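J.: Respectively, the protein sequence lines represent chains R and Z. Following our numbering, the numbering of the first sequence begins with 1 at its first residue and continues without gaps. Following our numbering, the numbering of the second sequence begins with 1001 at its first residue and continues without gaps.
There may be inaccurate statements among the hints.
[Unchecked claim] Pair ranges (Cβ atoms, derived):
no.: 1; chain 1: Z; residue 1: S1177; chain 2: R; residue 2: Y175; range: 50 to 60 Å
no.: 2; chain 1: Z; residue 1: T1212; chain 2: R; residue 2: V131; range: 49 to 59 Å
no.: 3; chain 1: R; residue 1: E133; chain 2: Z; residue 2: G1308; range: 53 to 63 Å
no.: 4; chain 1: R; residue 1: G70; chain 2: Z; residue 2: D1208; range: 51 to 61 Å
no.: 5; chain 1: R; residue 1: D18; chain 2: Z; residue 2: K1005; range: 49 to 59 Å
no.: 6; chain 1: Z; residue 1: Y1007; chain 2: R; residue 2: E133; range: 29 to 39 Å
no.: 7; chain 1: R; residue 1: Q170; chain 2: Z; residue 2: N1185; range: 57 to 67 Å
no.: 8; chain 1: R; residue 1: L190; chain 2: Z; residue 2: N1006; range: 50 to 60 Å
Hints in this document: simulated from the structure, not taken from any laboratory. Model, not experiment: these values are computed from the prediction. Think of the CB as a built atom: it goes at the ideal place given N, C-alpha and C, for glycine as much as any other residue.
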Amino acid sequence: MPITPEVLLSRLQDVLGDKLVGGTVALGEVSIEVRPESWHDAARQLRDEPGLRFDEMIDLCGVDYSTYAGVGRQGGHYAAVMHLLSVVRNHRLRVRAFCPDDDMPVIASVVDLWSGANWFEREAFDMVGIVFEGHPDLRRILTDYGFIGHPYRKDFPVHGQVEMRYDPEQKRVIYQPVSIDLREVTPRILREENFGDVGHG
Amino acid sequence: MAEIKNYTLNFGPQHPAAHGVLRLVLELDGEVVERADPHIGLLHRGTEKLAEHRTFLQTVPYMDRLDYMSMMQNEHAYVMAVEKLLGVEVPVRGQYIRVMFDEITRILNHLLWLGTHGLDVGAMTMFLYTFREREDLMDVYEAVTGARVHAAYYRPGGVYRDLPDSMPKYQVNKYKSAAEVKRLNANREGSVLDFIEDFTNRFPKCVDDYETLLTENRIWKQRTISIGVVDADRAKQLGFTGPMLRGSGVVWDLRRMQPYEVYDQLDFEIPVGKNGDCYDRYLVRMEEFRQSNRIIKQCVDWLRANPGPVITGDHKVAPPSRTAMKSNMEELIHHFKLFTEGMHVPAGEAYAAIEHSKGEFGVYLISDGANKPYRMKLRAPGFAHLAAMDEMAHGHMIADVVSIIGSMDIVFGDIDR
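All chains, please: the whole structure from these sequences, using the hints.
T.: What follows is the structure in structure tokens.
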């Protein structure tokens, strides 16, 4: 039988100690936030500690929190989020760390701990621009050869910045600025706190 | 003797054995692969970014287009993530329909995998046989959702509609005589459930046929045994899930270990391989055909006996019925708000994973309380599997690369997203 999320969280607090910034149990899932400088050490403990044994890294992604809830987050917009799974102990965990510097978000690579992290870190670098220190081969992975920018950042437009077409005069494919306009059919709506209360608006 | 140096070979992106748009840069020493560097992203459409600009309901059809061989399973993970955040309950009948279609989809996916894997390795006939059965299941898809592939059938809170009472029938035309049509329509006289049951009765025989053609086939065994071996520890290190992990001998299936929907009430077994080579992964998937078939049968029996709602009655999430909407002011408002502004999902984050045909398909959803997701990350099983290409292909012949790609069961819709 897997242990309950609450037991897992208290076990994590014991093991990680002051590497931890915070931890919550919500919707049956355990999430912890670790200090960016202890990202790699914490990951090693999560993998090797007998009571935890997270032997598979399921997912790693970058998240840009710069417009969260319309206002964004203070102090570090970019976070690396990792989902771990323990096949041996049958439990899951979400680990997050915010990169301190927005101009150059850097965090340690965990490829040496889980080989499967290789492509996931390349993707987070490509899409959100987080640099993973110690990654053996940090190239772009999903975007085009010679692509500029990081598409999943919130300041990157959904229709992109350049488009490609064949130029019959130069007899080759060329890039040019996009010619389409941004079209939003349904606006993004954040309801006020007391929305729907009697007497409101 | 002339000095032979390593040379580089570009495999794909147009190669038929590349299963779509895989560009594989192979560094060869003679015919032996020294290094394999897959270049992906040729089918990248930015689904995760698009989802940030669509309401929660509008994102459902994008899910079909991820892994376009197991359409409804992708939707399943997504709607489960939304439901988790919303905290809505799905009616039991809705859960059974979802499970049944998940398994139908698994058979569809494995049939395509078997056909194309066979084709790659030289067993041409497999393709013809498996597509015959796929056709029947696609007809089920069409009868229930109106689309053969891109179903958009699962909705947050349940499924779009209940199973219809009749199957569409063949009609006489200048190519099909009355006698021929009568024969083709023989199993289409009843409801969709009758048609599915008829399929489950004859499908085990079809799997036997496939096995007769391949399992003991000398060429097939020579091409797959001891090719692309991954042991259990490496498989976990590399983030393998699904048949790839089970082929290496790890007993791990989310349907059993972390059950969702009604899988804990169904009777099925988890096939596990031993050696972690292409042949074991083949055997695992062949047994999954039979187990999925068993699950479908149990679902059909349950669905026959238990009518009921298939989608939640919470009109903040699911639309009201047409008649109620046309005759009742409040329902009209709900309908209007739901299809213009969309549903508001409470702030928070959720990760929902299902046992997809290829492995663990997960959706990580962050909501800030708006009518659109703040960030969505899709965890595609094929992405992790293809990342292991270099390790699996190292030291093998160039022809074995094709076997390895085939046994990974990769589809670029979900790798590139």
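J.: If a hint holds in the structure, say so; if it doesn't, say that too.
T.: Here is how each hint holds up against the structure:
no., hint, verdict
1, Z:S1177 with R:Y175: 50 to 60 Å, "57 Å, holds"
2, Z:T1212 with R:V131: 49 to 59 Å, "54 Å, holds"
3, R:E133 with Z:G1308: 53 to 63 Å, "55 Å, holds"
4, R:G70 with Z:D1208: 51 to 61 Å, "60 Å, holds"
5, R:D18 with Z:K1005: 49 to 59 Å, "54 Å, holds"
6, Z:Y1007 with R:E133: 29 to 39 Å, "34 Å, holds"
7, R:Q170 with Z:N1185: 57 to 67 Å, "59 Å, holds"
8, R:L190 with Z:N1006: 50 to 60 Å, "57 Å, holds"
The structure is consistent with each of the numbered hints, conforming to all of them.
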